Amino acid sequence: MDRMPAWADAVLVPLISLLLAALLSALVILGIGENPIEALKLMVEGALLRSAGWGYTLYYATNFIFTGLAVSVAFHAKLFNIGGEGQAMIGGLGVALVCLYLPWPHWSLALVAASVAAALFGAVWAFIPAYLQAKRGSHIVITTIMFNFIAAALLNYLLVNVMKPEGQQDPATAIFPAATHLPTFQDMFATEAMPLFRGSPGNVTFFLAIAACLVVWALIWRTRLGYEIRALGHSESAARYAGISPVRTIVIAMLISGALAGLMGVNTAMGEAERLVMNATEGAGFIGIAVALMGRNHPIGVFLAAILFGFLYQGGAELALWTNIPRELIVVIQALVILFTGALDNMVRMPLERVFAARRRAARKTPAE
Amino acid sequence: MTMMKSLLGATAALALTSGAALADPALIYDLGGKFDKSFNEAAFNGAERWAEETGGSYRDIELQSEAQREQALRRFAEAGFNPIITTGFSMSTPIDNVAGDYPDTKFVTIDGYVDPEEHPNVKSILFAEEQGSYLVGMLAAMASETNTVSFVGGMDIPLIRAFACGYAQGAKAVSDDIEVIANMTGTTPAAWNDPVKGSELTNAQISQGSDVVFAAAGGTGIGVLQTAADKDILSIGVDSNQNYLHPGQVLTSMLKRVDVATYDAMQAGADLETGVETLALEDNGVGYALDDNNRELITEEMQAAVDEARQKIIDGEIEVHDYRSDDSCPALSF
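Sequence lines, in order, name chains D and A.
Numbering follows full-length UniProt numbering, in which position 81 of the first sequence is assigned residue number 81; successive positions increment by one, without gaps.
Numbering follows full-length UniProt numbering, in which position 115 of the second sequence is assigned residue number 115; successive positions increment by one, without gaps.
So that you can see chain D by itself, here it is in the shape it has in the complex:
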């Protein structure tokens, strides 16, 4: 079978899928009696034409980059890590412990330590499912999803009974000391004359996420370990034949995946809320799956897909604020994008492949003059 050119695979397929999703969303919005063009304008205006909107878009995108990378690293070893949610929660716990119980002179030091703690906690949370998969063959999808619930229960117990300051209603830790507050985009870029990013949660963690993209790219395509992970993903028996230990590789891939998901805790706990709240992850672990699918498990793709989903989240918030479109419908719009770019990928790909194949055949029949 003829292959499509790479640009069509990487750009054309997602773009057409997106257009289809947008078209269907427009019909849905029409169906409830709102104007889809106005809705799109609101989303673009609120998410991309105000600097504070960008602050939110990039804040959400930061979460999705981490969880998207987590899913893709595991996926290169053909492991389906659905536990990003739990790993991120526990990562946030690591951040909270570092920020609350150690004195920090400056945010940069605290950021390094909190990142290490978040990655460590996330990795530890991924270790047990990884070990069970590698040694006992317990399916990683089942175990990681179960660990999400265990993480939620553990966090709930700790926040309600142990870490909550006395007399506070909200099940959350105390606010982290001021020295650990990360600089937001507002702190970094706003001036007296140009009050950019006002009040938005986007912060320095975004650059950490970009760094994580680079590291993951180098790891997967430029190191021996990355080669082993990919080899195992393509064929376990061939990898074994080449002397690669499946147990070791599965565990290491999952540890890296868990660490990446855990790093999301830095953004939500330290960057945004400046304390650990119960509901900090809010499904970003699951959105990471869609982001990885759409991004073809490549860091650049993950980065772009994360920005798109950040836009959808922030644009959705704008819709909720200024229209009467109910929030359930906003979820439907977001779900349509996931459906078309992730699940229905082949619906667009196969006709496109046929078109390209036909064109190539036609080109062969009529040789250039």
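In case anyone wonders, no lab produced these hints; they're calculated from the structure.
Note that the coordinates shown come from a computational prediction; the quantities given were computed from them, not determined experimentally.
The reader is advised that the hints may include incorrect statements.
As the list claims (entries may be wrong) - Derived lysine-lysine pairs resembling DSBU-like cross-links, with alpha carbons at most 35 angstroms apart: (1) A/Lys37 x A/Lys197; (2) D/Lys41 x A/Lys37; (3) A/Lys172 x D/Lys164.
Said to hold, decoys possible - Only part of the chain A face toward chain D is listed, based on derived beta-carbon distances under 10 angstroms: (4) Glu70; (5) Ala79; (6) Phe89.
The C-beta atom is built at its ideal place from N, Cα and C for all residues, glycine as well.
Put chain A on the given structure of chain D with help from the hints.
Chain A in isolation, oriented as in the chain D frame:
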């Protein structure tokens, strides 16, 4: 170019509508959602009543994520809405962060607490849930034939434990040796909207002998009340008057007048008096519901006993322990 023009046009249109919205109130619902038949819906009902009576208009939003809390506050404040009313204790910290930036806007946090010294433009409205729960606990104990009553909470948080604790104290005030079974639906926010699990918990409690169940669980309570009606035991609703859901089978509802608080705040408008207000039995901020749907279930003796206790609580003769004051409960262990 035309793209840019139309976008600028949209911005201008938005700016215009924002201007027209000057001094309209805004309402922010917590994650449970506007139509939970309970807490948030009570706020919605209060707002609707205000809009109907005064012909005014208001804007509302159902939050979807934690990061939207501050965002919604800021965007509404920047657009000139006043006052901005919020439901749920989770809004108190975001208001604490935002209120200083918008000194001319009044914020209302229902169920939350913001230090009035620090932010003079914030009104905190709290409810003495333990008092209302105490009264329905008494009713439950008097209606029970098996001497076993039960409680289904939503998410396991101090607020819900305060409901359970007041309920257990009321039940034990009627009958010393009564058994009070308390279960929480879950540990994630999904626990506010899981009627299936609420139903399972109710079944489990029935098998342990309970014949009156009190649901303080938001949307989950729908499943609790449904199962209680199906299995022919009595149930107790929460926040809004839920007696109508299963007439003759809902013993009563623990009222928390979020609707009145919302209505009053909208009525006061920008001249809202700020500070901290605790709505207790004496303000009719909490209480129990008595209407045509449950009048036959509440005998005259029951009503007399509860009304007497109500007066004693108001007079200070009975002191109902609040779980939140010291994170412990004398009548129930969690």
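Here is what the structure says about each hint:
no., hint, result
1, A/Lys37 x A/Lys197, "holds, 17 angstroms"
2, D/Lys41 x A/Lys37, "holds, 33 angstroms"
3, A/Lys172 x D/Lys164, "holds, 29 angstroms"
4, Glu70, "holds, 7 angstroms"
5, Ala79, "holds, 9 angstroms"
6, Phe89, "holds, 4 angstroms"
Consistency note: the structure conflicts with none of the earlier hints.
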